[in-house]
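Undergrad: Sequence:
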Amino acid sequence: MGLRIGFHVSISGGISNSVDNALKEDCTAFQIFSRNPRGWAAKPLDNEDVLLFKNKLAGRLDRNDSTKSRQAKTYPSGSGEKRANERSKIDRNAIYVHMPYLPNLSSPNKIIYDQSVQVLIDELNRCDALDILYLVVHLGSHQGEGIKKGVDQLVYACSHAIESTSSENNVSILLENSAGQKNTVASDFGELRIILDKLYDNNPRSKKNRFGVCLDTCHAFASGYDLSSREAVDDTMDKFNSQVGLKYLKLIHLNDSRDKLFSRRDRHEHVGLGEIGTEGFNAFLKHKSHVNTPLIMETPMDNRRSNSDNLEFVKAIIDSP
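Residue numbers in the sequence shown follow our numbering, run continuously in steps of one, and reach 321 at the last position.
If you are wondering where the hints come from, they were derived from the structure by calculation, not from laboratory data.
Beta carbons: idealized from backbone N, C-alpha and C, even for Gly.
Be aware that a few hints might be false.
[Stated by the list, open to error] With a straight-line Cα cutoff of 27 Å, these simulated BS3-like cross-link-like pairs (lysine-lysine) come out:
1. K239 x K149
2. K149 x K54
3. K110 x K149
4. K208 x K239
5. K43 x K54
6. K207 x K182
7. K148 x K110
8. K149 x K182
9. K43 x K110
10. K239 x K198
11. K43 x K148
12. K247 x K286
13. K89 x K149
14. K260 x K198
15. K286 x K24
16. K24 x K54
17. K239 x K89
18. K148 x K207
19. K182 x K208
20. K148 x K208
[Said to hold, decoys possible] Pairwise CB distance ranges, derived in the manner of DEER restraints:
21. E48 x K260: 47 to 57 Å
22. K260 x E163: 39 to 49 Å
23. K288 x N36: 37 to 47 Å
24. P204 x A42: 24 to 34 Å
25. F262 x D238: 14 to 24 Å
26. K247 x A41: 21 to 31 Å
27. E145 x N202: 15 to 25 Å
28. W40 x E231: 23 to 33 Å
29. D234 x L102: 31 to 41 Å
30. A41 x D201: 11 to 21 Å
31. N183 x G39: 16 to 26 Å
32. D152 x E231: 31 to 41 Å
33. E48 x D201: 35 to 45 Å
34. N169 x R230: 12 to 22 Å
Input sequences plus hints: build the corresponding full structure.
TA: Laid out in structure tokens, this is it:
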């Protein structure tokens with residue numbers, strides 16, 4: 001299996017444009033928002049744009065073809081798949097949608113909570129329409145009501161959302177660890193394990209494979225899991241495996257941290273330029289525990305480094321002895 005790596009890319013102008021944006025960055029994996037991430041309401045997906053998205057991924061549309069017409073040019077499936085493999089190398093199993101920012105699935109506020117659960121259901125259905133297999137979810141804040149209350153709210157939200165989708169919907173919810181800000185849920189690996197256990201207990205056997213974990217390196221470091229040296233990476237990944245389980249790890253958000261260990265601040269930095277540093281990422285990227293796990297970078301947009309620079313930096317580490 002080849003390296004699956006990429007960025008969170010824009011959907012400006014239509015979701016199908018995300019494929020072009022990913023290809024321009026030489027991605028073999030990518031992540032998107034399916035809607036405006038800073039609002040509650042979402043426009044329905046445009047059927048022609050959805051078809052265009054799928055055709056671009058399958059290699060049935062030339063990159064230079066006009067997207068204004070929303071006219072998907074089709075080719076025989078065999079040649080289309082070959083063209084996709086030769087041209088983009090984007091793995092369909094390594095495309096992710098990220099939940100918007102406003103929902104709080106651990107909220108004690110009924111209005112916010114009900115809205116949040118509905119957004120989760122909507123996003124599962126939007127992923128399904130796009131043939132995207134994974135939805136990344138921030139686990140929210142219990143807002144002072146206590147971790148048990150927050151976890152119970154979260155577990156019900158995820159279970160209800162899964163139950164509310166059709167039996168043909170196989171989209172998995174990926175629980176993302178938090179940076180440990182006040183009242184947030186699941187900055188601790190043990191809390192992730194508790195949530196997964198409750199989700200498995202609350203759902204039938206047929207639904208159990210629909211829950212996994214997204215490990216954000218910045219969040220882990222900020223919450224106190226050291227990743228800045230080989231010994232630290234070994235220790236942290238051993239803890240993850242024993243407390244959560246590597247079988248649940250479906251995605252890594254590969255971000256450095258602007259702030260120090262235990263800062264509990266969610267501030268991403270370019271890979272290698274933050275407190276985790278080059279030594280830490282050299283150890284992390286070569287660690288045997290997650291060698292085949294897709295990597296998505298959510299690094300800053302500034303003039304210190306481009307996405308291409310970050311990708312080149314990461315690939316150079318992976319390819320080094």
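Undergrad: None of the hints should be skipped; say for each whether it holds.
TA: For each hint, the structure was consulted:
{"no.": "1", "hint": "K239 x K149", "verdict": "holds, 25 Å"}
{"no.": "2", "hint": "K149 x K54", "verdict": "violated, 40 Å"}
{"no.": "3", "hint": "K110 x K149", "verdict": "holds, 13 Å"}
{"no.": "4", "hint": "K208 x K239", "verdict": "holds, 23 Å"}
{"no.": "5", "hint": "K43 x K54", "verdict": "holds, 19 Å"}
{"no.": "6", "hint": "K207 x K182", "verdict": "violated, 32 Å"}
{"no.": "7", "hint": "K148 x K110", "verdict": "holds, 17 Å"}
{"no.": "8", "hint": "K149 x K182", "verdict": "holds, 15 Å"}
{"no.": "9", "hint": "K43 x K110", "verdict": "holds, 24 Å"}
{"no.": "10", "hint": "K239 x K198", "verdict": "holds, 20 Å"}
{"no.": "11", "hint": "K43 x K148", "verdict": "violated, 35 Å"}
{"no.": "12", "hint": "K247 x K286", "verdict": "holds, 18 Å"}
{"no.": "13", "hint": "K89 x K149", "verdict": "violated, 43 Å"}
{"no.": "14", "hint": "K260 x K198", "verdict": "violated, 32 Å"}
{"no.": "15", "hint": "K286 x K24", "verdict": "holds, 26 Å"}
{"no.": "16", "hint": "K24 x K54", "verdict": "holds, 17 Å"}
{"no.": "17", "hint": "K239 x K89", "verdict": "violated, 33 Å"}
{"no.": "18", "hint": "K148 x K207", "verdict": "holds, 23 Å"}
{"no.": "19", "hint": "K182 x K208", "verdict": "violated, 30 Å"}
{"no.": "20", "hint": "K148 x K208", "verdict": "holds, 22 Å"}
{"no.": "21", "hint": "E48 x K260: 47 to 57 Å", "verdict": "holds, 48 Å"}
{"no.": "22", "hint": "K260 x E163: 39 to 49 Å", "verdict": "holds, 42 Å"}
{"no.": "23", "hint": "K288 x N36: 37 to 47 Å", "verdict": "holds, 40 Å"}
{"no.": "24", "hint": "P204 x A42: 24 to 34 Å", "verdict": "holds, 29 Å"}
{"no.": "25", "hint": "F262 x D238: 14 to 24 Å", "verdict": "holds, 19 Å"}
{"no.": "26", "hint": "K247 x A41: 21 to 31 Å", "verdict": "violated, 37 Å"}
{"no.": "27", "hint": "E145 x N202: 15 to 25 Å", "verdict": "holds, 20 Å"}
{"no.": "28", "hint": "W40 x E231: 23 to 33 Å", "verdict": "violated, 45 Å"}
{"no.": "29", "hint": "D234 x L102: 31 to 41 Å", "verdict": "holds, 38 Å"}
{"no.": "30", "hint": "A41 x D201: 11 to 21 Å", "verdict": "violated, 34 Å"}
{"no.": "31", "hint": "N183 x G39: 16 to 26 Å", "verdict": "holds, 23 Å"}
{"no.": "32", "hint": "D152 x E231: 31 to 41 Å", "verdict": "holds, 37 Å"}
{"no.": "33", "hint": "E48 x D201: 35 to 45 Å", "verdict": "holds, 42 Å"}
{"no.": "34", "hint": "N169 x R230: 12 to 22 Å", "verdict": "violated, 41 Å"}
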